[in-house]
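With chain A's structure known, arrange chain B on it following the hints.
In order, the protein sequences belong to chains A and B. Going by the working numbering, the first residue of the first sequence is number 1, and it counts up by one from there. Going by the working numbering, the first residue of the second sequence is number 1, and it counts up by one from there.
Where hints are given, some of them may not hold.
Ranges of calculated distance between the beta carbons of each label pair, as one might list FRET restraints [what the hints assert, rightly or not]:
| no. | chain 1 | residue 1 | chain 2 | residue 2 | range |
| --- | --- | --- | --- | --- | --- |
| 1 | A | 186 | B | 118 | 33 to 43 Å |
| 2 | B | 113 | A | 271 | 43 to 53 Å |
| 3 | B | 106 | A | 305 | 36 to 46 Å |
So these bits of chain A aren't anywhere near chain B, every CB distance computed over 12 Å [to be verified]:
| no. | residue |
| --- | --- |
| 4 | 17 |
| 5 | 19 |
| 6 | 20 |
| 7 | 64 |
| 8 | 95 |
| 9 | 127 |
| 10 | 128 |
| 11 | 134 |
| 12 | 183 |
| 13 | 190 |
| 14 | 193 |
Partner residues aside, some chain B positions facing chain A, computed with beta carbon under 10 Å [said to hold, decoys possible]:
| no. | residue |
| --- | --- |
| 15 | 5 |
| 16 | 109 |
| 17 | 135 |
| 18 | 137 |
Honestly, the hints are just simulated from the structure, not real lab data. C-beta atoms are modelled at their ideal positions from N, C-alpha and C, and glycine is treated no differently.
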Amino acid sequence: MKDRAAIAGIGTTEYAKELDRSERRLALEAILAALDDAGLDPAEVDGLSCYSMEATEEVDIARNLGFGDLTYFGKVPYGGGAGCGVVGQAAMAVATGQCRVAIAWRSRKRGSRGSRPWAGVPSRVGGDQQRWTRPYGVLRPVDEIALLTRRYLHEYGATRDHLANVALAARRHANLNPAAMMFERKLTRDDYLSARWISEPLCLFDNCLESDGAAAVVITTTEQARDLRRPPALVHAWAQSLPRQHQTMTNFFCDDPMRGPAWACAAKLWALSDAGPADVDVAQLYDAFSPLVLLSLEGYGFCERGEAGAFTDDGGIEIGGRLPVNTSGGGMSEAYLHGFNLIVEAVRQVRGTSTAQVPDAELSLVTSGEGVPTGALLLRSDR
Amino acid sequence: MIEGLLLPDLDEESAPFFHYAAQGQLRVQRCAACGARRMPPRPMCPRCRSFDREWEQVSGRGTIWSFAVPHPPLLPAYAEMAPYNVVVVELAEDPGIRLVGNLVATAGGRLDEVDPADIRIGEPVQVVFPPPIDDGRGPVVLPRWTRLG
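Excised from the complex, chain B in its bound form:
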C-alpha cells in the first residue's frame, strides 16, 4: 500500500502542464495550426490532425461543473482527509475545457478544509498553486482551486 498522495506519471504530452504549474501558470494545450484547445493533452489535434501544439496561458478562472465527496475505503493518505471534495472546473475561456481538482481555502490547504455541504455547482473559482509534493522522483505542483472573491 502506498503512503503518500498519488502523483501524475509525466510523459511527453503531460509534462508541460506541470512544468508551467510549478511556475505558477495555468496553461492549456492548443493546436498550433487551427487553435483548438484540448484536454487532456495529446499528440494530435482531433480537428485538423496537426501534430503542432503550443501551451496557452489562461486566466485561471472558471466555474464548478460538478463535484464529489469521497468517503473511505480509500488509500491511506486520502482516507486520512476524508470526506474531502473533488471538483471538475470549466475554464472561463472555454467551457469545453474542464480540469479535475480540489476546492481549498488556501493554496496549501488540506482537501477537507472546505465544508462539502457549502459547495455549489456554478460557483466561480480561481486556480491556486500549492507547494510542490516530492515523492523522491521530483517535485510536482498539483493546481487546486479557491473561491473567487
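Chain A with its partners taken away, still in its complex shape:
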C-alpha cells in the first residue's frame, strides 16, 4: 500500500491542563476542524479508527457529525502504543477500498475515568502486568519505566544529562509553538537537575504533561488527497509490532529488555519503505517519558544500541541537529494526547507548516509508545 493513502487534513482543539468541555465535544471539534482543513464534507466520511482506550464512541461521533454510512471502523489497543496503528489501519482500509475517507482521532481528559488506568485500583491487583509489580510499590507507569531506565543508564553509561537533553529539546521546540502548553515556559539544565524526583532516576521533567484536548486526522486515497485543499502527507509506510515474549510496560521479564517493541516495528517499517533511517528528515518519537526517546532512537536505527545518549548531545535532536525530534514540543512540552499530537506535527513537517520547521522536510517519521505494543508511520511529501 506504499504511498496509496494520505493524510489530507489535521485538526486539534486547544491544549490545556483542564478544559471544561466533554471529551465528546472536544472530539467533535477536532474532527470537524480536520475535515475543514481537508476541505471535505462530513457526509463523505465512511471510516473511523481509534484507540481502544478512547472514551468517545463511533456511533456518537458519526451521529453528531452527520456522517454517511460507515463501512470501516476499528480500534487499536495498548494506550500510547496505539496512535500510529490507528492511522495506519485507517490508511490500510482506504488503500484496500474498505472505505474512502477515514477519520482517526484521540480525545482525552486527564481527570476522566479510564484516562489513568493506574488510578482507582482495587486492593487486589490482577493481570500479569500488575500482579507481580504493584504490591511491591511499582504503582505508576513512571515506576515501571524508572526500572528500565536505571538499567539502561547502567548498561550503557548514559547519564541524567542525556535524559535532560530530551526534555530540553522538547521545551525549546515548544517555546516556538504558540499552541504548546509550555510555549511561554523556559526550561534550563539547572531547572532539570534540581527538579523533584517522581521515581528515581526519573524527575518531574522526565515525564510528559497532563493535558486535556483532542486531535484528529483525515485519511483518504492519495489520488483524492491531491485534489484537496492541503498538500497531502503520503503514508509511505507504516508498521506495528508486538514482539515475542513482550509484556506491556513491565518488559523486564524477557531475555533482552533493552530491545523493546521499537526494534521489530522498525524492521517491518524499513522493509516496507524505499527509505532507511538516514533518509529521515525529522522525527516525532513518543515521549511519555524521556528515556523512551533514547530507546526509540536506537530501535529505529538512528544510532547503535547504547549510543542514543551521545546522539542527543550538542543539540543532536534539536532544530539544526542530526535529527530534529518532537518539533512541536511533543508529549513533554506541547500536550500529552497519548501521542496523537505527534502525528499531527509529523504532517505539519511534511507540509512545511511547523513552528520549528525542518527546511524542505520530505520524510517525516512518527512513532508510538516504546515499552508497549507499538506502531510507526513514515510520512512523505508529494513533491
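Showing chain B alone in chain A's frame:
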C-alpha cells in the same frame, strides 16, 4: 482510595507461587515437558506448547538487575514509606528469570529501611519471607530481598 498495601489477585496460575511463599519457599514455574522456566507463570509453555507445568524450588539467591525509588504522589500506604526502593532481581539459577520485590534489612522490615543511595545494580541478594499481610480476603506472603552476607 484504598488504605493498605496492594495484594495480588490470585488466579489458577499465580496462586501456587504465593502458596509456596507462605511456606517459606521460593518456587518458579517450569514446563514439565521441556523444563523451560517461565515468569510470570502462565498456562502454556511458549517453547514446546505443553500445558504440563510444575513448581521448581530455587535457592532464593540472585542479583539486583535494576531498582527504582518512587516518590509521591502515591497511594497512602506507599506514600507513608516513600521514598522507598523497588528492585528487580535476577535469579542465580537462571538470569532470564526476574522477580520484582523490595530490598529490606530484615524480613518484616519496612520498604524504606535500606538507604536507596547505597543500593547497587549487581548486588547479591537472598529472598526473605515477611509475615503475611491480610486484607480480609486471606493472608498473602510477599517475598522480599535482603543483602547476602
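Verification of the supplied hints:
1. The given range of 33 to 43 Å is respected by residue 186 of chain A and residue 118 of chain B, whose C-beta atoms sit roughly 36 Å from each other.
2. Distance hint for residue 113 of chain B and residue 271 of chain A: a CB-CB separation of about 51 Å, consistent with the stated range 43 to 53 Å.
3. Remark: the range hint 36 to 46 Å for residue 106 of chain B to residue 305 of chain A is upheld by a beta-carbon distance near 40 Å.
4. The claim that residue 17 of chain A is not at the interface with chain B holds, since no C-beta of that chain comes within 12 Å of its own (minimum 16 Å).
5. Chain B leaves residue 19 of chain A outside its interface by the beta-carbon criterion, the shortest separation being 22 Å against a cut-off of 12 Å.
6. Once the 12 Å rule is applied to beta carbons, residue 20 of chain A is consistent with being away from chain B; the minimum gap is 24 Å.
7. For residue 64 of chain A, the condition that its CB be more than 12 Å from all CB atoms of chain B holds, with the nearest at approximately 35 Å.
8. With 12 Å as the threshold on Cβ separation, the claim that residue 95 of chain A sits away from chain B holds: the shortest Cβ distance comes to roughly 34 Å.
9. A Cβ of chain B approaches the Cβ of residue 127 of chain A within 12 Å, the least distance being about 8 Å, so the stated non-interface status is violated.
10. Distance check on residue 128 of chain A: its Cβ comes as close as 4 Å (rounded) to a Cβ of chain B, failing to clear the 12 Å threshold; non-interface status is violated.
11. Taking the minimum C-beta to C-beta distance to chain B, about 5 Å, the non-interface status of residue 134 of chain A is violated against the 12 Å cut.
12. The claim that residue 183 of chain A is not at the interface with chain B holds, since no C-beta of that chain comes within 12 Å of its own (minimum 26 Å).
13. Chain B leaves residue 190 of chain A outside its interface by the beta-carbon criterion, the shortest separation being 20 Å against a cut-off of 12 Å.
14. Listed as a non-interface residue, residue 193 of chain A keeps its Cβ farther than 12 Å from every Cβ of chain B; the least gap is roughly 16 Å.
15. Taking 10 Å as the C-beta cut-off, the interface hint given for residue 5 of chain B holds, the closest approach to chain A being about 6 Å.
16. For the restraint placing residue 109 of chain B at the interface with chain A, the shortest Cβ-Cβ distance is roughly 14 Å, beyond the 10 Å limit, so the hint is violated.
17. This hint holds: residue 135 of chain B has a C-beta 5 Å from the nearest C-beta of chain A, less than the 10 Å allowed.
18. The restraint placing residue 137 of chain B at the interface with chain A holds, with a minimum CB-CB distance near 7 Å, inside the 10 Å limit.
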